[in-house]
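For this one, chain R is given, so just place chain C on it according to the hints.
2 protein chains.
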Amino acid sequence: MREIGRQEIEDIAMGATVLGTGGGGDPYIGKLMALQAVEEFGPIQVISADELDDDALVVPCGMQGAPTVLIEKPPSGKEMFASFETIESFLGKKVSAVMPFEVGGVNSMLPLVLAASMRLPVVDADGMGRAFPEVQMEVFSLNGVSASPMVVSDEKGNTALFQAIDNVWAERLSRKATIQMGASAMIACYIMNGSEVKTSSLHHTLTFAEEIGRSIRIAKTNNEDAVKKVLEVTRGFELFRGKVIDINRKTDGGFAKGVATIEGVDPFTEETLTINFQNELLLAKSGGRVLCMTPDLISVLDMETGRPITTEGLRYGSRCVVIGIPCNEQWRTEKGIATAGPGYFGYDADYVPVENLIRGGE
Amino acid sequence: MREIGRQEIEDIAMGATVLGTGGGGDPYIGKLMALQAVEEFGPIQVISADELDDDALVVPCGMQGAPTVLIEKPPSGKEMFASFETIESFLGKKVSAVMPFEVGGVNSMLPLVLAASMRLPVVDADGMGRAFPEVQMEVFSLNGVSASPMVVSDEKGNTALFQAIDNVWAERLSRKATIQMGASAMIACYIMNGSEVKTSSLHHTLTFAEEIGRSIRIAKTNNEDAVKKVLEVTRGFELFRGKVIDINRKTDGGFAKGVATIEGVDPFTEETLTINFQNELLLAKSGGRVLCMTPDLISVLDMETGRPITTEGLRYGSRCVVIGIPCNEQWRTEKGIATAGPGYFGYDADYVPVENLIRGGE
Numbered sequence: 051m052r053e054i055g056r057q058e059i060e061d062i063a064m065g066a067t068v069l070g071t072g073g074g075g076d077p078y079i080g081k082l083m084a085l086q087a088v089e090e091f092g093p094i095q096v097i098s099a100d101e102l103d104d105d106a107l108v109v110p111c112g113m114q115g116a117p118t119v120l121i122e123k124p125p126s127g128k129e130m131f132a133s134f135e136t137i138e139s140f141l142g143k144k145v146s147a148v149m150p151f152e153v154g155g156v157n158s159m160l161p162l163v164l165a166a167s168m169r170l171p172v173v174d175a176d177g178m179g180r181a182f183p184e185v186q187m188e189v190f191s192l193n194g195v196s197a198s199p200m201v202v203s204d205e206k207g208n209t210a211l212f213q214a215i216d217n218v219w220a221e222r223l224s225r226k227a228t229i230q231m232g233a234s235a236m237i238a239c240y241i242m243n244g245s246e247v248k249t250s251s252l253h254h255t256l257t258f259a260e261e262i263g264r265s266i267r268i269a270k271t272n273n274e275d276a277v278k279k280v281l282e283v284t285r286g287f288e289l290f291r292g293k294v295i296d297i298n299r300k301t302d303g304g305f306a307k308g309v310a311t312i313e314g315v316d317p318f319t320e321e322t323l324t325i326n327f328q329n330e331l332l333l334a335k336s337g338g339r340v341l342c343m344t345p346d347l348i349s350v351l352d353m354e355t356g357r358p359i360t361t362e363g364l365r366y367g368s369r370c371v372v373i374g375i376p377c378n379e380q381w382r383t384e385k386g387i388a389t390a391g392p393g394y395f396g397y398d399a400d401y402v403p404v405e406n407l408i409r410g411g412e
Numbered sequence: 051m052r053e054i055g056r057q058e059i060e061d062i063a064m065g066a067t068v069l070g071t072g073g074g075g076d077p078y079i080g081k082l083m084a085l086q087a088v089e090e091f092g093p094i095q096v097i098s099a100d101e102l103d104d105d106a107l108v109v110p111c112g113m114q115g116a117p118t119v120l121i122e123k124p125p126s127g128k129e130m131f132a133s134f135e136t137i138e139s140f141l142g143k144k145v146s147a148v149m150p151f152e153v154g155g156v157n158s159m160l161p162l163v164l165a166a167s168m169r170l171p172v173v174d175a176d177g178m179g180r181a182f183p184e185v186q187m188e189v190f191s192l193n194g195v196s197a198s199p200m201v202v203s204d205e206k207g208n209t210a211l212f213q214a215i216d217n218v219w220a221e222r223l224s225r226k227a228t229i230q231m232g233a234s235a236m237i238a239c240y241i242m243n244g245s246e247v248k249t250s251s252l253h254h255t256l257t258f259a260e261e262i263g264r265s266i267r268i269a270k271t272n273n274e275d276a277v278k279k280v281l282e283v284t285r286g287f288e289l290f291r292g293k294v295i296d297i298n299r300k301t302d303g304g305f306a307k308g309v310a311t312i313e314g315v316d317p318f319t320e321e322t323l324t325i326n327f328q329n330e331l332l333l334a335k336s337g338g339r340v341l342c343m344t345p346d347l348i349s350v351l352d353m354e355t356g357r358p359i360t361t362e363g364l365r366y367g368s369r370c371v372v373i374g375i376p377c378n379e380q381w382r383t384e385k386g387i388a389t390a391g392p393g394y395f396g397y398d399a400d401y402v403p404v405e406n407l408i409r410g411g412e
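Protein chains in written order, with our numbering: chain R, 51 to 412; chain C, 51 to 412.
Don't take every hint at face value.
The list treats identical chains as one, so a pair stands whether inside a single copy or across any two.
Pairs of lysine-lysine, DSSO-like flavour, derived with a Cα cap of 30 Å [to be verified]: (1) K206 / K385; (2) K123 / K206; (3) K270 / K293; (4) K278 / K128; (5) K143 / K128; (6) K206 / K143; (7) K335 / K279; (8) K143 / K385; (9) K335 / K385; (10) K248 / K144; (11) K128 / K335; (12) K278 / K143; (13) K278 / K335; (14) K307 / K123; (15) K248 / K385; (16) K279 / K300.
Source of the hints: derived by calculation from the structure; they are not laboratory data.
These numbers come from a predicted model, not from an experiment.
Looking at chain R on its own, in the form it has when it is part of the complex:
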């Protein structure tokens, strides 16, 4: 167990934006909420999965919906309390700890808000090690954990509890509720006991996010190359360096979908990079060649500061470095690739790990 405060929250938020791969929602609002909660309730207890009692009731939680909407309709906080009441009365058991189901983006922060305000510890683990747009895209799911009972709640006070036959149905049903609630809602799903968390989650991912964030912060202080530091901490690869020249973006079916085009900085080349996204950046391609694809992580960093840029933050003229980060090995299994690989998102590409794509091209 360790306690975290303002500095750690800032670092986690920064790192989670890198792991958010452009999506997952800008953690900014979540960060403000977490800082406010720490101000009000004191430091947050972070525990590792191994510290959990085997029968502890652990509730992964966060938001669902289009991050672009989240900016306009921030959570009130109340909705999560309502979710927890629903869970506790449905399961007849008190919640022992909260946990992110997604360490990328705003969903790294919301469990911290709840942990502080409900005086519960937060588990240093998640189910993605990054951000993904759909409920079933969790290593929890790969490990046979059910997303149900799943609770969706809005800032008005509506809650919905789903018991779906599988995790794809949990996604479908919860997504419709979220859209009806205004395209952004709070969710709790993959409720587990302690022993399930130990065997079915990705451990120490909050700490991993914090390390990434800290490396960017320290690089600035020390006048070091922040992008290089991020690549070191994440064991990632530089894919492309350039300037954003086009963003094609729409909100469709509760997702922010589109394509970003980046022009190389070298004035003597016409090379460009395109990145397809559906909330998250999913496929980076240049000169007809795929450079990195889901479930590996694609992240866009500011060329000067190394700070991550979300898809909604991408602007014409942004000077950036696009990096690729190897995903957790669990995502590289047959089931992992079927769940969150390029084929699932409709891209005509067979998954090849980013390190092979990059090294193969050297």
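Okay, now just chain C, sitting in the frame of chain R:
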């Protein structure tokens, strides 16, 4: 308490089709299920609201969605058991009795199926005294009863439990779940204790449906005018007599919507009647004059047999009598008209009771 069997089920189904005002789903599938349940489990106990213990847990239940879809995707029965399990584990209490929330159409039958197979009594009461297309259109709602917790479940095994801030939100959220589940699902809502049922429901409406059905059956046996008998039992009015010449029907947003046009039988007049429907028949108009409108009941009966014809049963050439039946007085309050009057459905008409419209025109 009385027990009912095959004959009563047949009569209730027939009467409920009249009260279904063209919608509410043809009770045919529900009737078959109820007959099968009686065959298997024995007679069904029907109790009046006054016989309920004040703290009895009473669950109004039925289906939601487009009746046209129900015909293609009949309920499996399992979904209702799943709903009840969800309710019991959520409320921590056993269900004492079931009840129709709608005595019109198929939803008169489904509580009977459940009553038989779960060996629970069914309460002789409902919340409409007819059929209506939306969840909040219940005298329960007019009397301040919450539709939540509301459960939606499908034949695949998915269930959703909603706690909505009001009954319009219960409608919105449950409707989206129903559409996602395939445009037809089983629901349980307006869960009440016995004392609430006593004060907030329409009493003896199953018996009323049975009386209507019996009058049609007996008229046939006695070679009497069945339409006249129905008008006597319901204190209704003949609005129009003619032949269906056009049906404009589409399934939209989970509803069967459209307009039926009926040509008068008198060959020397060009008079026609149009009926607008949204699952139910809502507004009957002829010669620029409204003859009957929601919340009063509009029903189409076969000219020869007096048997009701549902909107999905209306065919070109059907020879029919359109009748208007005064609704329960609770629907004629300001709140009742706001909830289910012509304005709510987008018709530019102020509500006038059918008896005034008819007598005023005589």
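Homomeric proximity label, K278 with K128: Cα distance no greater than 30 Å: Neither, since 41 Å and 58 Å both go past 30 Å.
K270 and K293: within-copy, between-copy, both or neither at 30 Å Cα: within (21 Å within a copy, 83 Å between copies)
Is it within, between, both or neither when you check K278 against K143 at 30 Å Cα-Cα? Neither: 47 Å inside a chain and 60 Å across chains, both beyond 30 Å.
Given identical chains, is K248 near K385, meaning Cα to Cα at most 30 Å, within a copy, between copies, both, or neither? Within one copy only: 20 Å inside, 55 Å across.
Please sort K143 with K128 into within, between, both or neither, judging by C-alpha distance up to 30 Å. both (20 Å within a copy, 27 Å between copies)
Alpha-carbon proximity context of K206 and K385, limit 30 Å: between (38 Å within a copy, 23 Å between copies)
With identical chains treated as interchangeable, where does the CA-CA distance between K143 and K385 reach 30 Å or less: within a copy, between copies, both, or neither? For K143 and K385, the Cα distance exceeds 30 Å both inside one copy (32 Å) and across copies (41 Å).
For K123 vs K206, is the C-alpha pair at or below 30 Å within one copy, between two copies, both, or neither? Classified as within: same-chain Cα gap 11 Å, cross-chain 34 Å, threshold 30 Å.
I want to check one pair: K279 and K300. Are their C-alpha atoms no more than 30 Å apart within a copy, between two copies, both, or neither? neither (33 Å within a copy, 60 Å between copies)
If the cutoff is 30 Å on CA atoms, where do K248 and K144 land: within, between, both or neither? Let me know, please. Classified as within; 19 Å inside a copy, 36 Å across copies.
Under a CA distance limit of 30 Å, which applies to K206 and K143: within one copy, between copies, both, or neither? Classified as both; 25 Å inside a copy, 28 Å across copies.
I want to check one pair: K128 and K335. Are their C-alpha atoms no more than 30 Å apart within a copy, between two copies, both, or neither? neither (42 Å within a copy, 49 Å between copies)
Hint check: violations occur at hints 4, 8, 11, 12, 16; the rest are consistent with the structure.
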